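Protein chains in written order, with my numbering: chain A, 1 to 581; chain B, 1 to 230.
Calculated directly from the structure, the hints in this document are not laboratory data. Note that this is a predicted model, so its numbers are computed, not measured. Glycine included, each C-beta is placed from N, C-alpha and C at the ideal position. Mixed in with the good hints there might be a few duds.
[Claimed, not checked] What follows is a set of in silico ranges between Cβ atoms, one per label pair, in the way DEER data are often shown:
#: 1; chain 1: B; residue 1: E181; chain 2: A; residue 2: P570; range: 53 to 59 Å
#: 2; chain 1: B; residue 1: G33; chain 2: A; residue 2: P570; range: 50 to 56 Å
#: 3; chain 1: B; residue 1: G44; chain 2: A; residue 2: E379; range: 39 to 45 Å
#: 4; chain 1: A; residue 1: D411; chain 2: B; residue 2: G33; range: 19 to 25 Å
#: 5; chain 1: B; residue 1: A84; chain 2: A; residue 2: D389; range: 26 to 32 Å
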Amino acid sequence: MTAAAVVAAKVAASLPQLPGQAAAVAITWLVTGAFVGVGVVLLHTDVPPVNGWACLLVALATVPGDLNDAAYPGLVTAVGFVLEPTYLAAASALVLVYPTSRLTRPSRSLVTGLLVVGLVSRLGAAVTTGRLRDGFYRAADWPAVQAPAALHDLVFVRIGRGLTAALLLAVAAVLGARLARTRGLARQALAPMAVIGLVCSLAAAVDQLVWVVATPAAMALPGALVRNLSAALIPVALIADLLRRRAAGAAVSDRILRAAASGHGPDLQQAVRDVFVDPTATVEYADGRGGWLDVTHQPVPAKAGPPGRRAAPVVLDSGETALRLVYDPRAVTDEQLVALAVDAVTVGADASRLRTELLAALTEVGQSRTRIVEASLAERRRVERDLHDGAQQQLLAIASTLAATDLVDDDHVREVVGEARTALSGAIRELRALAHGIHPAALSQGGLAAALPGLVERVPFPVVLRVDPDVAEAAPTVQGAAYFVVAELLTNVVRHADAAHATVTVAVVDGTLTVGVSDDGRGGARFVPGGGLSGLRDRVNALGGTLVLEEPEPHRADSHPGTTVRAVLPAEEPQEPEDRP
Amino acid sequence: MSSTGTSTGTTPTRVAVVDDSTLFRDGLATLLGLAGFVVVARLGSPAGLPAVLRAETPHVVVMDVRMPPTHTDEGIRAAIATRAAHPAVGVLVLSTYAEGVWARRLFAEGSSRLGYLLKDRVDDVATLVGAIDRVRAGGTVVDPEVVDRLLAVSRRQESLAALTPREVEVLRLMATGRSNEGIGRALHLSPRTVEAHIAAVFTKLALPADDNTSNRRVLAALAYLEASGS
Chain A
1 MTAAAVVAAK
11 VAASLPQLPG
21 QAAAVAITWL
31 VTGAFVGVGV
41 VLLHTDVPPV
51 NGWACLLVAL
61 ATVPGDLNDA
71 AYPGLVTAVG
81 FVLEPTYLAA
91 ASALVLVYPT
101 SRLTRPSRSL
111 VTGLLVVGLV
121 SRLGAAVTTG
131 RLRDGFYRAA
141 DWPAVQAPAA
151 LHDLVFVRIG
161 RGLTAALLLA
171 VAAVLGARLA
181 RTRGLARQAL
191 APMAVIGLVC
201 SLAAAVDQLV
211 WVVATPAAMA
221 LPGALVRNLS
231 AALIPVALIA
241 DLLRRRAAGA
251 AVSDRILRAA
261 ASGHGPDLQQ
271 AVRDVFVDPT
281 ATVEYADGRG
291 GWLDVTHQPV
301 PAKAGPPGRR
311 AAPVVLDSGE
321 TALRLVYDPR
331 AVTDEQLVAL
341 AVDAVTVGAD
351 ASRLRTELLA
361 ALTEVGQSRT
371 RIVEASLAER
381 RRVERDLHDG
391 AQQQLLAIAS
401 TLAATDLVDD
411 DHVREVVGEA
421 RTALSGAIRE
431 LRALAHGIHP
441 AALSQGGLAA
451 ALPGLVERVP
461 FPVVLRVDPD
471 VAEAAPTVQG
481 AAYFVVAELL
491 TNVVRHADAA
501 HATVTVAVVD
511 GTLTVGVSDD
521 GRGGARFVPG
531 GGLSGLRDRV
541 NALGGTLVLE
551 EPEPHRADSH
561 PGTTVRAVLP
571 AEEPQEPEDR
581 P
Chain B
1 MSSTGTSTGT
11 TPTRVAVVDD
21 STLFRDGLAT
31 LLGLAGFVVV
41 ARLGSPAGLP
51 AVLRAETPHV
61 VVMDVRMPPT
71 HTDEGIRAAI
81 ATRAAHPAVG
91 VLVLSTYAEG
101 VWARRLFAEG
111 SSRLGYLLKD
121 RVDDVATLVG
131 AIDRVRAGGT
141 VVDPEVVDRL
151 LAVSRRQESL
161 AALTPREVEV
171 LRLMATGRSN
181 EGIGRALHLS
191 PRTVEAHIAA
201 VFTKLALPAD
211 DNTSNRRVLA
221 ALAYLEASGS
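Based on the provided sequences and hints, a complete structural model is requested.
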């Protein structure tokens, strides 16, 4: 609405000039149209709306100058003439306010000065007369105040225009100083606008000074043309900057997010430096005690880096300030960009921490599986020892007491007690077999090599035992686990295989302990969920090992192809992984 | 059955009992006392044994295997140490389990005045008394079950494959410390047949057959089993 009104006003105001000065009018239309168009674009983006409204204001300020035309009545012409300098003030304000949303005090003074000097000198020039041209299309019946011609020529034209030119030069100086003061990304962002503003204000100053000099040669200078053409570039610079910001934002999101998610501090710091175009920018991590560490985990001294640096804290989902971005505010003036970078780091760091926590959880699960298997071995030892020290010794004590009846000369007593002794002796044997099955004493004493013979001997058919003497080098826990693997496999063979022979092999090769049990039975062993072989495989896996069921050879597809199961275990106990930094 | 504890000597056999189970220790001491032995000391661990050996001069120490402080093989180590320090004192190890690994370690340095019996044998006064007497007299006692185990394992390992079943039987009895006569009685064979079998065993196992003492025979058999069992 506003934009359409501005365009309509501009076209309507300048229409009378069109037949004679089509080119000049076209240029002013171009300028106005550019400001309106960019103003509308800026109003509909997420950059601060101040630039959008300023653009429309500048576009509107181009209208009064068009009213200063012979086609209009005297009063209208005068109003247009007096209000024409608002264009300079508005354009200067737009250039000076960029890229933030507020004017600094010197800038505000300059804009106010341009407005006041322009309005006062134009008003004065309009109501007085003199020899110097002032650009006002006086209607034939326009009244003039009776005043010395010097007032009009010197004060309202020369001093007024001169002051305006001086203010415009000051605007150019402010822009130049600002460009010189900034670094890195801020300079990249500011440069197009500042350079165009500089050219534009210099051209406008020249355009004012020709009225001061007022010679024909000076009047021929194309100051107004340069001013108008460069003014038309201001909106272009705005759009260019908008696009650049968009690209930079995408780069921030992409580059910083990826670097932050990698969890690698130096990468993240380099990404921040690249995006901010600030080689002094750093990433610092909270050390949990109020201090900060750099990306190499060294403490950051309280007074580090160039003075005047700014820190943007990164607050994670958990609410903790885990790290911060420290940058040079001269290099990065775009607070939106900083906020974007902080957001990207937050998301990336959260992702990185999630992954680290997931890894830690997986490691913990693996370790706890190992601990469970180890605990079951320890539990077997404990139960066996309780049996040995408790029930077994008590029964043996009773046996020795009852044996004293051997020394009694009473057949009847011996006969009565004899039955009890027979039963007791059976109980002692059974209990011993049970305790041995739970955890053979030889396993604690001589390891796998010492314990396996006692195991093999209980199998009701011949078993060949081949034990690599190096097995003594394997960790006790691993030997214990291997023992119960063999025990369970042999139990399976006895129960299911219908075998006549079996072979147990134990070998230590390249830091692994391999136990294999082969039989000449009917074969057909499979891993069934919840089955004994699957459970055995789970326990072997928990110790970082593998359990393999070897298929019978094809040509042995007879009724007894046999079965071979092999377990490969790391010979060393699982190590606790080192803490990740 | 009458008291037999003095059958091998003119003086009553002085016995020290070492076992961490109070119940078993007292039961065994009582039984040994009834059987005619003089129980001079009852210990809960081998820690006090050296002092007892000096002060009470037992003829035989009857000792458990798993005792404090580690409950692993204290009895085996104490038996070896006792034999080294007091060669005249016999040691009879009573074990809850028949473990070949313990037997091999016990007899590794020699077998005279040494015995290894399952605790189950306290059930049979005659066996127990006979074992203590034999150890006091300088002989060797190996529990039949331990021998069975060693032989069985060796057979599994196909190292005794060359022996006939009868020869394995003879070797088993020989390893328990029986004389030719004892073997012949057990197998209902004539001494001459037994001698033939023993000669065959020694030949097949490449053991010298020139010494006929039971001690050397047990040693030879155990040495062979030790070599093949590991």
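Cross-check of the supplied hints:
1. Checked against the given bound of 53 to 59 Å, the beta carbons of B:E181 and A:P570, roughly 56 Å apart, stay inside it.
2. About 55 Å separates the C-beta atoms of B:G33 and A:P570, a value consistent with the hinted range of 50 to 56 Å.
3. In this structure the hint that B:G44 and A:E379 lie 39 to 45 Å apart at CB is violated, the actual value being about 27 Å.
4. For A:D411 and B:G33, the Cβ-Cβ distance of about 23 Å falls inside the hinted range of 19 to 25 Å, so the restraint holds.
5. Between B:A84 and A:D389 the C-beta distance comes to about 28 Å, which sits within the given range of 26 to 32 Å.
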